[in-house]
Amino acid sequence: MSAAAPLLSVEGLATHFFTRMGVVKAVDGVSLSVRSGEVLGLVGESGSGKSVTGFSILGLVDPPGHIVAGRILFEGEDLARLSGERLRRLRGERIAMIFQDPMMTLNPVLRIETQMVEAIRAHHPEVSHAEARARSRDVLGQVGIASPEERLAAYPHQFSGGMRQRVAIAIALLNRPSLLIADEPTTALDVTIQAQILYEVQKLCRESGTALIWITHDLAVVGGLADTLAVMYAGRVVEEGPVDAVLDRPLHPYTSGLIGSVPSRNRRGEPLRQIPGMTPSPLRLPSGCSFRSRCPRADKHCLEMPELAALARGRLVRCVHPLTSEAP
Amino acid sequence: MSTFAEEQAREDAASIEESPLRRLAADFFESKLAAAGLVVLLAVVFVALFAPWLSPQNPYDLASLDLLDGRLPPGSTSAEGLVYWLGTDDQGRDMMSAIFYGLRTSLAVGALSSIAALVLGGALGLIAAYVGGRTESAIMRIVDLQLSLPAILVALILVALLGHGVFKIILALVVVQWAYYARTIRASALVERRKEYIEAARCLALSDARIMLHHLLPNCLPPVIVVATVQVAHAIALEATLSFLGIGLPITEPSLGLLIANGFEYMMSGKYWISFFPGIALLVAIVSINLVGDRLRDVLNPRLQK
Amino acid sequence: MTVLVIRRLMQSAVMLLAMSILVFLGVFAIGNPVDILISPQADQAEIARATAALGLDKPLWEQYFVFLANAAHGDLGRSFVFNEPALRLIVQRLPATLELAFSAMLLAVVLGLPLGLYVGLRPDTFLSRLIAAGSILGFSLPTFWVGIMLILVFAVWMGWLPSTGRGATVSVLGVDVSFLTWDGIRHLILPALNLSLSRIALVIRLAAAGTREVSHMDYIKFARAKGLTRGRVVRVHVLRNILIPIVTVLGLEIGAVIAFSVVTETIFAWPGIGQLIIKSITVLDRPVIVAYLMLTVFLVIMINLLVDILYSVLDPRVRLAEARA
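Protein chains in written order, with this note's numbering: chain A, 1 to 328; chain B, 1 to 306; chain C, 1 to 325.
Simulated from the structure, these hints should not be mistaken for lab results. Treat the hints with care, as some may be off.
Claimed, not checked - Here's a subset of chain C near chain A, in silico, CB distances under 10 angstroms, partners left out: (1) Arg7; (2) Met10; (3) Trp61; (4) Ser215; (5) His216; (6) Asp218; (7) Ile220; (8) Phe222; (9) Arg224; (10) Arg232; (11) Leu243; (12) Thr248; (13) Asp315.
Stated by the list, open to error - In silico DSSO-like cross-links for lysine-lysine, where the CA-CA straight-line distance does not exceed 30 angstroms: (14) Lys300(A) - Lys25(A); (15) Lys221(C) - Lys203(A); (16) Lys221(C) - Lys168(B); (17) Lys271(B) - Lys221(C); (18) Lys25(A) - Lys221(C).
Even glycine gets a Cβ: it sits at the ideal position worked out from N, Cα and C.
Go ahead and model the full structure; you've got the sequences and the hints to work with.
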């Protein structure tokens, strides 16, 4: 663990959506950090706000959503306060993002070549079309696409889902960003393809030293991939720490419940373990700890929102009754 | 601690109870423009319905007309003290009365032809969707054929073939419109046909006619309502256009189009009101219908709901 | 692709044939054209002679085949009124109508596309609402009413532009066109604007709806995530996707525009085929009516076919699906 400043440091991020039906606090207290070359797994159920966190970092939250609080420190700048033009220069160049559904990520009426070359020339207009094309071809090969030269002239719908995702990854890595945010990139793919993509991304990031935030709801996926794990619930980070420590000795009751409910963790013949109750609607979050209505350890102390506190070196938890109070 | 979950469940159940009709109305009235349109439309319909009682003069009672009162500007008075608020035309008719009666004719022809087209096109569309097979292909091919021709061209063809007369014009308008209804209902019915409640109805061995009318039809209605409002406006505009060109309704049943045509020649000499006011009346009728129909479409379109 | 073209050509031929039967039956079978030409005082012998001369004594189906055969040779009868071949009458006046129609379409795209894009991208500004309201208006207003208003405002009250007729023409490749002279343009503006107004409204609505829909797509977000400028995102990513439905609809609308020129030409006394057909219907000049209907239907069918082909060229998904089929 180097003592260098983290590449990305999110502090107290809050992104709210001001809708006709009320304020949706999609993200309401997210703090996390990623070091250069590190892989952070951001885990949570649907609706926990993990995707919105990803978009907030890049400033891609559409109205009626706005970042209402917090800082997003990246390479010394607070992204939440940058101008549109400054942010644009960072996107695709220093920070890149890939999305969940590869079917919809690529523009169906433009060739792959067009979509790749423009990503390069948007940031390096001095690069010629031919050079950009050559680089695109090389990166396509790196992500494991056969005959990249022919593939450049193709249209997105001529690719399978897995290959489209590879193309998206290739586009993201074209300008050698220092951070890649991957928003559930394998959720829409077959299990076998999932494994391939996981492997590719891991390899590429290690080779290029790119930091990675892998957003997912699937603990199994992130277990083998990440260095650090951050668990989100109802718009807040509830636990953060090194992946093995969190998975073996979770501190937050929700994390423990999440781990316990993974089917492979149960023995055959045992009933599947679940977390009782349902995730609260983001329009009507309970006061205090959002998890208290489902938590077996909740009591009157939970009526106040707990802070994200460091329990031990590198382990943060937002709970007044964490599972173990001793250091790992 | 499980009371919170129960509380939540109760709240969720309550929000489902808000009736779809009320939500529709609430969404509709969110647009002040559409609300204004609806008010204007109701006013127009009211005037059209009660024209004989609202008009100061019966413009088609020749005995009450005085040629010497012809082409008077708005605001002038007749010998008996009747105020011609909107002026008179070349025959001495009070423009306002003529407009009220004209509105009546225009709306009646437009609405009647639309309803007839709705019934005809709707029936054919439903049958096509429900029965499928060769019947469907045959019907839809005719529909496509007709829809590929511009409406006014179809109207021209029919007028050229059938000649003049109120009934013939209405017939022409019906022929122009039925295809839109057929296509809309068929598209809707195709989607609904695959849904489970239709299969359930079939399992109960209900007759085909009953299934089509009682089960399929009500669920296909929303897009049809939208098409219907727009079509009525089009029908009114088309009839007005044909009448203006002199190949529409006969002089005995003057619609707004004919009134406008009458006044066209006087425009250059400054007697604009003979054409202008009927034109405004036509405009108001058509625009209010379109405003309402437009808003209905936005409100009923599931894709735009965010 | 060729399979598509051939299939559509055959469909078009069938349609044309069906139209010809319909038109023939309607025009020649209903009523007796002789009654219009011969004075009521004519005696039997004259009527018989005229009937024979026009070939009306033969059985209906024979008349139809004669009609078809003649049509194949480009002879659609002679105008009762002008005593000239009907087809020639129409073809003479066609350039004027086409000039009007294309000017209207051009205006529709040049004015409608940018306005529609703006409304789609920034729907909440005052200007957007104004444009949207205006487009509803433009769409609902009957063409003839707009024409009258345009004349009233610009020709009668302001006196800026002429109210009737076509301007000075210049011959290009044997065809008379008026948009190359300043006088011609002055005469062209009002009628073209009149004809185009509802198309402009249509394009605005299509462009706005398309832009709204496309803006929420993932690939637009991804394009922004790549760091492309807003301008490029709109110009390349949004525009290419909304153009396809707009072009298709516009292509199909050309037929309607040509048909609607009937109204505009009547109001502005523009010497095109529209003006001719109205006169012909009122005096029942049947050969001209037939020629007009056949020609217009033919044009519309051809245009629809072209649009289909164009659509498959523009949308790569359709093009490749057809190739695989």
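Broken hints, by number: 1, 2, 3, 12, 16, 17
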